[in-house]
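**Q** Line by line, the protein sequences give chains L and E.
Under this note's numbering, the residues of the first sequence are numbered 1 to 288, in order.
Under this note's numbering, the residues of the second sequence are numbered 1 to 312, in order.
Pairs of lysine to any residue residues, derived as SDA-like cross-links and limited to a Cα-Cα distance of at most 25 Å, are as follows: (1) LYS20(E) with VAL143(E); (2) LYS214(L) with GLY53(E); (3) LYS247(L) with ARG48(E); (4) LYS112(L) with SER95(E); (5) LYS112(L) with LEU125(L); (6) LYS112(L) with GLU98(E); (7) LYS184(L) with GLU43(E); (8) LYS247(L) with ASP51(E); (9) LYS184(L) with SER243(L); (10) LYS184(L) with THR72(E); (11) LYS184(L) with ARG39(E).
Which bits of chain E does chain L cover? Going by a derived footprint, with three or more residues having C-beta under 8 Å, they are: (12) 49-62; (13) 92-101.
Listed next, with one range per pair, are the computed distances between beta-carbon atoms: (14) SER243(L) with CYS84(E): 38 to 44 Å; (15) SER130(E) with SER243(L): 43 to 49 Å; (16) LYS112(L) with GLU98(E): 20 to 26 Å; (17) ASP232(L) with PRO23(E): 42 to 48 Å; (18) PRO23(L) with ARG21(E): 53 to 59 Å; (19) ASN124(L) with LEU54(E): 29 to 35 Å; (20) GLY133(E) with GLU278(L): 41 to 47 Å; (21) ARG269(L) with HIS253(E): 40 to 46 Å; (22) SER45(L) with VAL185(E): 50 to 56 Å; (23) GLY156(L) with LEU54(E): 28 to 34 Å; (24) GLY70(E) with SER262(L): 42 to 48 Å; (25) ASN124(L) with ASP31(E): 29 to 35 Å.
Treat the hints as calculated values from the structure; they're not laboratory data.
From the three backbone atoms N, C-alpha and C, an ideal C-beta is built for every residue, glycine too.
Chain by chain, the residues:
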Amino acid sequence: MLNHSRVPPDSASVATASGPSVPALREMARRLRRHVITMTAAAGSGHPGGSLSAADIVAILYFKVMRHDPANPQWEDRDRFILSKGHSAPVLYAALAESGYFSMEQLSTLRKPGSCLQGHTDRNLTPGVEMTAGSLGMGLSFGIGVALAARLDHRGYRTYVLLGDGECQEGQTWEAALSAAQFKLDNLTAIVDYNEMQLSGWTREIMNLDPLDKKWQAFGWHTIDTDGHDYDQILAALQEARSTRGKPTAIIAHTVKGKGVSFMENNVRFHGKAPTPEEAERALRELS
Amino acid sequence: MTAEASTREAYGNALVELGKRDPNIVVLDADLSPSTMTRFFAEAFPDRFFDCGLEEQNMIGIAAGLAASGKTVFASSFAIFASCRCFDQLRMCLSQMELNAKVVASHSGITVGEDGGSHHAVEDLALYCSLPGFTVVVPSDAVETAEAVKVAASTPGPFYVRLSRPRTPLVHSEGYHFTLGKAVVLRPGKDVTIIAIGVMVAKALEAAKVLAKEKIDCQVASMPTVKPLDEGFVLQAASDTGSIVVAEEHLAHGGLGSRVAQVVAREKPVPMCFVNLGDRYALSGKPEELLQTCGLTADGVAAAVRAAVQRK
Numbered sequence: 001m002l003n004h005s006r007v008p009p010d011s012a013s014v015a016t017a018s019g020p021s022v023p024a025l026r027e028m029a030r031r032l033r034r035h036v037i038t039m040t041a042a043a044g045s046g047h048p049g050g051s052l053s054a055a056d057i058v059a060i061l062y063f064k065v066m067r068h069d070p071a072n073p074q075w076e077d078r079d080r081f082i083l084s085k086g087h088s089a090p091v092l093y094a095a096l097a098e099s100g101y102f103s104m105e106q107l108s109t110l111r112k113p114g115s116c117l118q119g120h121t122d123r124n125l126t127p128g129v130e131m132t133a134g135s136l137g138m139g140l141s142f143g144i145g146v147a148l149a150a151r152l153d154h155r156g157y158r159t160y161v162l163l164g165d166g167e168c169q170e171g172q173t174w175e176a177a178l179s180a181a182q183f184k185l186d187n188l189t190a191i192v193d194y195n196e197m198q199l200s201g202w203t204r205e206i207m208n209l210d211p212l213d214k215k216w217q218a219f220g221w222h223t224i225d226t227d228g229h230d231y232d233q234i235l236a237a238l239q240e241a242r243s244t245r246g247k248p249t250a251i252i253a254h255t256v257k258g259k260g261v262s263f264m265e266n267n268v269r270f271h272g273k274a275p276t277p278e279e280a281e282r283a284l285r286e287l288s
Numbered sequence: 001m002t003a004e005a006s007t008r009e010a011y012g013n014a015l016v017e018l019g020k021r022d023p024n025i026v027v028l029d030a031d032l033s034p035s036t037m038t039r040f041f042a043e044a045f046p047d048r049f050f051d052c053g054l055e056e057q058n059m060i061g062i063a064a065g066l067a068a069s070g071k072t073v074f075a076s077s078f079a080i081f082a083s084c085r086c087f088d089q090l091r092m093c094l095s096q097m098e099l100n101a102k103v104v105a106s107h108s109g110i111t112v113g114e115d116g117g118s119h120h121a122v123e124d125l126a127l128y129c130s131l132p133g134f135t136v137v138v139p140s141d142a143v144e145t146a147e148a149v150k151v152a153a154s155t156p157g158p159f160y161v162r163l164s165r166p167r168t169p170l171v172h173s174e175g176y177h178f179t180l181g182k183a184v185v186l187r188p189g190k191d192v193t194i195i196a197i198g199v200m201v202a203k204a205l206e207a208a209k210v211l212a213k214e215k216i217d218c219q220v221a222s223m224p225t226v227k228p229l230d231e232g233f234v235l236q237a238a239s240d241t242g243s244i245v246v247a248e249e250h251l252a253h254g255g256l257g258s259r260v261a262q263v264v265a266r267e268k269p270v271p272m273c274f275v276n277l278g279d280r281y282a283l284s285g286k287p288e289e290l291l292q293t294c295g296l297t298a299d300g301v302a303a304a305v306r307a308a309v310q311r312k
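This is chain E alone, in the form it adopts within the complex:
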């Protein structure tokens, strides 16, 4: 059984570490600090933590004002409220003003589970990736989360970091070094490249093991930086393996799949398949049940790989 850990706990702990080192770090939340784990920071540095209540639009505006005054701001909520609810504010206050604020959202995707469709952020990557200047990061696990949060703090400009509700399998070991803007090859292979993010990284690795028995040799990479995209890696993967599968816990349009396909179509067309939520919302259920229902499984990835390889 693979070890699991919480990305949001990793975030909460990383914030405290950052807070100790840098008095300029300020953290905002929208009444969800016990869940986003910004409460660790709130307890350690109460003077630098502001709970904005259920006012996500206001929170983004406040983040902008603080950032314009020289603060490094982290603002957290659930991914659904930190994207759809305050999109105009993200556009005007962080993207257009190019301010140094980091939106770190927990509870992304359908693995929110039982709360149901209203709470499943499955369009957040499309929204954030559409905003000029935003860096969009989806850590693969808790280890990468801690690293990515530190990199976000020391890199100027607006960030979106997408975290999960449940504990997720660890794919990196302690000591892992996160490089912004770079794909991470987790398994070499020559027949096809699976590019995955978030909870789908572990599923992709599982699928690769199954496919190895069928003599399909999969390269598996995570793409923690969704924007800006590691185009060099995508093109290399297209050249070296001749087909690409993209797996993400997101709607079909506007997420990682769209971004990778744009690069592939432009410079190196190869067969591609996509594992995602299609064009519909999910319902209530346990995270694993929902992943199963929606085909976001190792089997689902394996099927997509077979289809892609067949078209080579």
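In isolation and in its complexed conformation, chain L is listed as follows:
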């Protein structure tokens, strides 16, 4: 297990901060992906595709960048990770279990009666989950509230909101984009998991988002285009977001849906469908 010690708020820059090496982070992302496959296969339902595309970003945030304390999920100075695309709950649950918020055994209870791991995130049931989500387009608004609270309370924590590309079609996302810029929330970072696929196909064929970076720019955001599977690029982007003053930053992370499992990559079938036991076995072999 990687360390994720509480780092003081005025810690050194992200890129140079001590902590796990890139190979160690990659290994963690591989573990997260394996959990995603195992969990969704055991549940018999769920959304593996968007969990796999976000795994590298989530690994970097939880095991390198964010200050958080699994022993004290309510630590007031923790950095906040808000999963706006609540259907990617499996990758968040995996990161929380690997961090030590709850036991690894609990991952196998995903979506089952009595489990603290709901099909979509629930902040009142799962230690470490900041927001109840599932109806898309709400996370950025919630993140604005959290970031405003940091400003009011003079706290140095940062707020990271992970959005799906599909939910950038929701009007509320753009209401929030306008207001985060209006409020000059430079302690807020939006990361778009731009895997270019949504439930029923390619985003460009269903409701085109391009040019996505220019849209965020036009709404008053600093934007960074990055390869969402390239660790150096993601780390550099997060550092740039941290040092950007006077406006929020949107990181457009270009990713591959189903990343890491050959037959799931760019395969829309795995947006909202769990692998069969046989598929899970193949996937785990590829991720071994």
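Add chain E to chain L, keeping to what the hints say.
**A** This is chain E only, laid out in the frame that chain L set:
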């Protein structure tokens, strides 16, 4: 002539008082602060006021984020936009997350008046009452508004407080103490109970005076807390007076009438009649004209009482 006062002004002033006492209070509005009267707070505490523009959905999400970070949040708009426009956000962000945010909406019902049907929030109580965990309060007048807002601030969890556009008759005097979850008996009586909310409370009291001349002795109660409902009072009223009339500035379905009827039907069936807007929208007009047209008058309440009493 009965004295009148503005519920939304009472709200604006109460917010300032709360803001002085509690630095944790944060107020949001959606470009309507000159009308909802959150502007008083905005002027007194500009750092703790955020205008979210015409983004009601976003405003509720922001309210949730602030509340999840320990703030006591008040979010205001017109009732129509604070209910229908952002219902999914109310459901996900405040009800399901059980957060400490208070939606206080002015301009409810048809007494919005001339702006017309688009602006008449007449389904808001049905929507809010359907959300688990929400406390729903409809103050009877400005005095009760000030009290209810203070109680909302000190009671954890999501609230909806429904206010009016016009000045409304005062039914309570200064010094009145609001108790959450309790009906308020404004006039004792033994033949029938009229349960009213908002602008209909004064109409119910008027109706009771008229009916007294006909030897119909009305108990009149306001039910400022629509949810959770004071079921004990409803059942007592059913037992003691044997018939109930519910009067509200709301559509027929899902409001106070439905809630009271559910309790009565379950435990103590007695004749009931309802004074409400039925199943249709109103049009433009002056508030009093619209109330007249829609039968939300003392006469309308009196007619309903006669019908209920006759069926005893």
